[in-house]
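K.L.:
What follows is the residue order along each chain.
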Amino acid sequence: MTVTTATATTATATTATATTATVPTSDVDPFSHEVLEDPLPMHAELRDAGPVVLLSRHDVFAMARYDEVHAALVDWQGFQSAAGVGMSNFRYEEPWRPPSLLLEADPPRHDAPRRVLQKVLGPRALRRLHERWRADAEALVDEVLAAGTEFDAVPALTSVFPLRVFPDAVGIGQEGRENLLPYGDHAFNAFGPSNDLVAKGAPRVAELSGWVAAQCRREALAPEGFGADIWAASDRGDITPEMAPLVVRSLLTAGVDTTVHGLSAVLYAFATHPDQWARLRSDPSLSRVAFDEAVRWESPVQTFFRTATTDVRIGDTVVPEGRKILMFLAAANRDPRRWADPDAFDLFRDPSGHVGFGMGIHQCVGQHVARLEAESLLTALARRVRTIELAGPTVRHHNNTLRAWESIPVRMTPA
Amino acid sequence: MTVTTPAVAPAGADVATLRVVGKQVQAEGVLTLDLAAPSGGRLRDWTPGSHVDLVLPNGLTRQYSLCGDRFDPTTYRVGVLLEPESRGGSAYVHRELAVGDVVGIGGPRNNFPLVPADTYLFVAGGIGITPLLPMVRQAEMLGADWRLLYGGRTRRSMAFLDELSAHGERVLVRPQDETGLLDLAGFLGGPRPGVRVYSCGPAPLLAAMEAACAEWPPYTLRTERFVAADGGAPARTAPFEVELARTGTTVTVDPGSTVLEALDRVGVEVLSSCRRGVCGTCETTVLAGRPDHRDALLDDDERAAGDCMYVCVSRSLDDRLVLDL
Numbered sequence: 001m002t003v004t005t006a007t008a009t010t011a012t013a014t015t016a017t018a019t020t021a022t023v024p025t026s027d028v029d030p031f032s033h034e035v036l037e038d039p040l041p042m043h044a045e046l047r048d049a050g051p052v053v054l055l056s057r058h059d060v061f062a063m064a065r066y067d068e069v070h071a072a073l074v075d076w077q078g079f080q081s082a083a084g085v086g087m088s089n090f091r092y093e094e095p096w097r098p099p100s101l102l103l104e105a106d107p108p109r110h111d112a113p114r115r116v117l118q119k120v121l122g123p124r125a126l127r128r129l130h131e132r133w134r135a136d137a138e139a140l141v142d143e144v145l146a147a148g149t150e151f152d153a154v155p156a157l158t159s160v161f162p163l164r165v166f167p168d169a170v171g172i173g174q175e176g177r178e179n180l181l182p183y184g185d186h187a188f189n190a191f192g193p194s195n196d197l198v199a200k201g202a203p204r205v206a207e208l209s210g211w212v213a214a215q216c217r218r219e220a221l222a223p224e225g226f227g228a229d230i231w232a233a234s235d236r237g238d239i240t241p242e243m244a245p246l247v248v249r250s251l252l253t254a255g256v257d258t259t260v261h262g263l264s265a266v267l268y269a270f271a272t273h274p275d276q277w278a279r280l281r282s283d284p285s286l287s288r289v290a291f292d293e294a295v296r297w298e299s300p301v302q303t304f305f306r307t308a309t310t311d312v313r314i315g316d317t318v319v320p321e322g323r324k325i326l327m328f329l330a331a332a333n334r335d336p337r338r339w340a341d342p343d344a345f346d347l348f349r350d351p352s353g354h355v356g357f358g359m360g361i362h363q364c365v366g367q368h369v370a371r372l373e374a375e376s377l378l379t380a381l382a383r384r385v386r387t388i389e390l391a392g393p394t395v396r397h398h399n400n401t402l403r404a405w406e407s408i409p410v411r412m413t414p415a
Numbered sequence: 001m002t003v004t005t006p007a008v009a010p011a012g013a014d015v016a017t018l019r020v021v022g023k024q025v026q027a028e029g030v031l032t033l034d035l036a037a038p039s040g041g042r043l044r045d046w047t048p049g050s051h052v053d054l055v056l057p058n059g060l061t062r063q064y065s066l067c068g069d070r071f072d073p074t075t076y077r078v079g080v081l082l083e084p085e086s087r088g089g090s091a092y093v094h095r096e097l098a099v100g101d102v103v104g105i106g107g108p109r110n111n112f113p114l115v116p117a118d119t120y121l122f123v124a125g126g127i128g129i130t131p132l133l134p135m136v137r138q139a140e141m142l143g144a145d146w147r148l149l150y151g152g153r154t155r156r157s158m159a160f161l162d163e164l165s166a167h168g169e170r171v172l173v174r175p176q177d178e179t180g181l182l183d184l185a186g187f188l189g190g191p192r193p194g195v196r197v198y199s200c201g202p203a204p205l206l207a208a209m210e211a212a213c214a215e216w217p218p219y220t221l222r223t224e225r226f227v228a229a230d231g232g233a234p235a236r237t238a239p240f241e242v243e244l245a246r247t248g249t250t251v252t253v254d255p256g257s258t259v260l261e262a263l264d265r266v267g268v269e270v271l272s273s274c275r276r277g278v279c280g281t282c283e284t285t286v287l288a289g290r291p292d293h294r295d296a297l298l299d300d301d302e303r304a305a306g307d308c309m310y311v312c313v314s315r316s317l318d319d320r321l322v323l324d325l
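Going down the list, the protein sequences come from chains W and Y. Sequential numbering of the first sequence, starting at 1, is according to UniProt numbering. Sequential numbering of the second sequence, starting at 1, is according to UniProt numbering.
Where hints are given, some of them may not hold.
The calculated lysine to aspartate or glutamate pairs, modelled on EDC-like cross-linking and capped at a C-alpha distance of 16 Å, are [stated by the list, open to error]:
no., chain 1, residue 1, chain 2, residue 2
1, Y, K23, Y, D34
2, W, K119, Y, E302
3, Y, K23, Y, D101
4, W, K119, Y, D301
5, W, K119, Y, D299
6, W, K119, Y, D300
If you are wondering where the hints come from, they were derived from the structure by calculation, not from laboratory data.
Can you build the whole structure from these sequences, using the hints too?
P.N.:
Here it is in structure tokens:
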């Protein structure tokens with residue numbers, strides 16, 4: 001990729017008043033297969049290029065340093081989400097689905113759905129799941145180890161576990177759960193440009209969206225669970241009955257692929273860092289820290305866009321009102337300006353403050369669910385598995401937004 | 001307009017204290033305080049209906065509704081009525097508290113959120129206008145159908161009339177010495193769906209509202225009661241001790257640092273994220289002692305239970321807290 005510092009005149013008609021600024025420009029395509037396979041060198045180049053960079057290929061701005069990404073994420077007034085958090089600008093383009101009431105909304109419309117979901121998925125609400133999920137994780141690990149100690153961790157553990165416990169917690173039926181991962185995969189691809197990854201998912205969009213919408217109806221949901229809790233909130237008038245299915249949809253879109261890839265990230269990290277695994281085994285209470293460190297290190301959600309609500313100065317550059325800015329959460333999470341030895345996966349580090357779950361009013365509302373899933377699975381593994389190592393070549397899964405694994409062959413030694 | 005992105009949000013103790021940057025008389029016996037972080041950075045986000053705890057320099061804690069502009073990320077505004085029988089809260093704010101003074105802050109928390117509706121009817125009594133003011137602005141922004149009935153003792157005692165006058169006929173101003181008691185039935189009309197009624201004011205008004213809305217669909221009426229009573233023990237300004245039940249360590253927390261920071265100093269790592277009492281990541285179980293909750297998460301029942309706290313911002317009312325760490 002080429003990074004040049006050009007004197008760029010800002011591009012759109014609305015920017016007549018914006019100053020001509022010296023903005024570092026890069027022709028890299030963050031959504032190319034080459035970059036998706038290994039985005040780390042690009043992250044480093046973009047961080048070093050400046051606090052904000054113009055990506056000429058897509059004519060969008062980008063931020064890759066921790067301080068700027070963090071500041072923009074919390075500044076919902078200056079960097080809005082309602083124009084879409086993908087490359088598509090909802091001010092000018094029709095969204096591919098009815099926009100999310102959470103992810104793709106700004107205050108004040110964002111307030112009520114967020115408040116409801118935050119309570120439904122809050123740490124106190126999850127207490128009733130602790131014991132059940134711990135038992136589920138232990139049962140799964142026993143099952144897997146009984147079948148053999150060499151296996152592919154993605155289908156055997158990291159995708160199975162969320163798909164077992166989370167849809168149950170939401171309260172959707174057993175049938176069709178295999179649709180959740182491809183639906184989520186497409187939704188996260190759709191935040192990028194309309195490239196081959198989006199085209200790949202297009203033929204099934206109508207079918208999968210229809211299936212998901214059907215699961216969000218009140219009558220399709222179990223009488224107890226996150227879904228029922230959301231509908232109960234609509235009975236109290238905290239959200240409208242029209243909002244309820246879309247809030248349930250957010251759970252099904254954002255709650256599956258992300259945790260699968262987060263669990264894959266932490267499993268891969270341990271398979272390649274035996275000393276860290278030994279440390280977790282000696283103190284399983286580190287499992288929460290371990291998961292957050294893996295989320296920092298790997299950033300399962302790599303990027304989200306924001307849209308400038310006004311001409312915003314970042315360093316020496318003015319990002320004009322209405323322009324899209326790509327936030328590299330992943331690059332911020334390995335910014336050496338913020339993190340010592342950022343490329344190390346290290347349980348001695350305090351990963352607090354990473355932006356892998358975002359930050360501010362849109363911070364992942366399911367983060368406590370993800371942590372509980374991870375804690376359950378890691379605790380069960382720590383108790384039963386002495387060593388984890390790679391047993392063959394790993395395969396990445398490419399997605400415009402997610403950092404994911406298709407396959408992680410592992411060999412585990414039972415304790 | 002060009003804005004410059006603010007620096008990274010300050011963490012820890014800085015979000016627990018605010019400086020008085022403005023004090024203005026709004027009506028007879030009513031003033032507003034403007035509060036900002038000493039660093040000038042972003043404050044915790046809030047929604048209409050929210051209140052904050054102010055820990056006054058005299059040690060008393062009082063709750064006030066936020067009545068400023070949520071789109072201004074660096075300033076809070078609260079309205080304070082001088083209570084004739086003040087036991088040191090409002091009298092202190094009116095007579096002693098000055099621009100430049102530093103106050104402790106808890107929240108914002110919202111027990112009175114504005115839920116989605118096509119039509120809002122707002123009924124304010126006296127200083128009860130404060131939480132409704134941001135609701136009115138928001139209803140206007142959302143393009144909802146809304147009206148406000150605003151009562152007070154006298155016109156001179158009623159704050160924010162200038163701002164409200166811009167809304168014309170949507171706002172009915174009804175000073176008691178001019179027009180008598182509020183005509184609630186006339187203002188509300190007959191029971192109908194799709195309406196949310198929000199009311200804040202003195203207890204007799206709220207009782208009258210309950211009666212007036214008795215025939216309306218459930219969950220139509222939402223009220224916020226002013227709690228004049230003090231919330232309990234005054235906030236500590238002295239250091240306190242935190243005992244860690246699992247490790248047996250005890251650590252002292254000075255007024256200038258957070259529990260999270262104190263734990264970190266003795267090598268006890270508690271995972272956190274926002275460090276502003278908003279996200280809930282650092283929830284820690286409390287085994288003994290009463291936490292001084294400063295977060296924006298727990299509702300009143302959960303706070304009263306005292307069985308957990310967010311160590312990034314919350315502190316202790318007692319000399320000693322015992323945590324499950």
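K.L.:
Confirm or reject each hint.
P.N.:
Structure-based check of all given hints:
1. K23/Y with D34/Y: Answer holds: K23/Y to D34/Y is near 6 Å, not above 16 Å.
2. K119/W with E302/Y: holds (12 Å)
3. K23/Y with D101/Y: holds (11 Å)
4. K119/W with D301/Y: Distance ~14 Å between K119/W and D301/Y Cα, so the pair holds.
5. K119/W with D299/Y: holds (10 Å)
6. K119/W with D300/Y: holds (14 Å)
The structure is consistent with each of the numbered hints, conforming to all of them.
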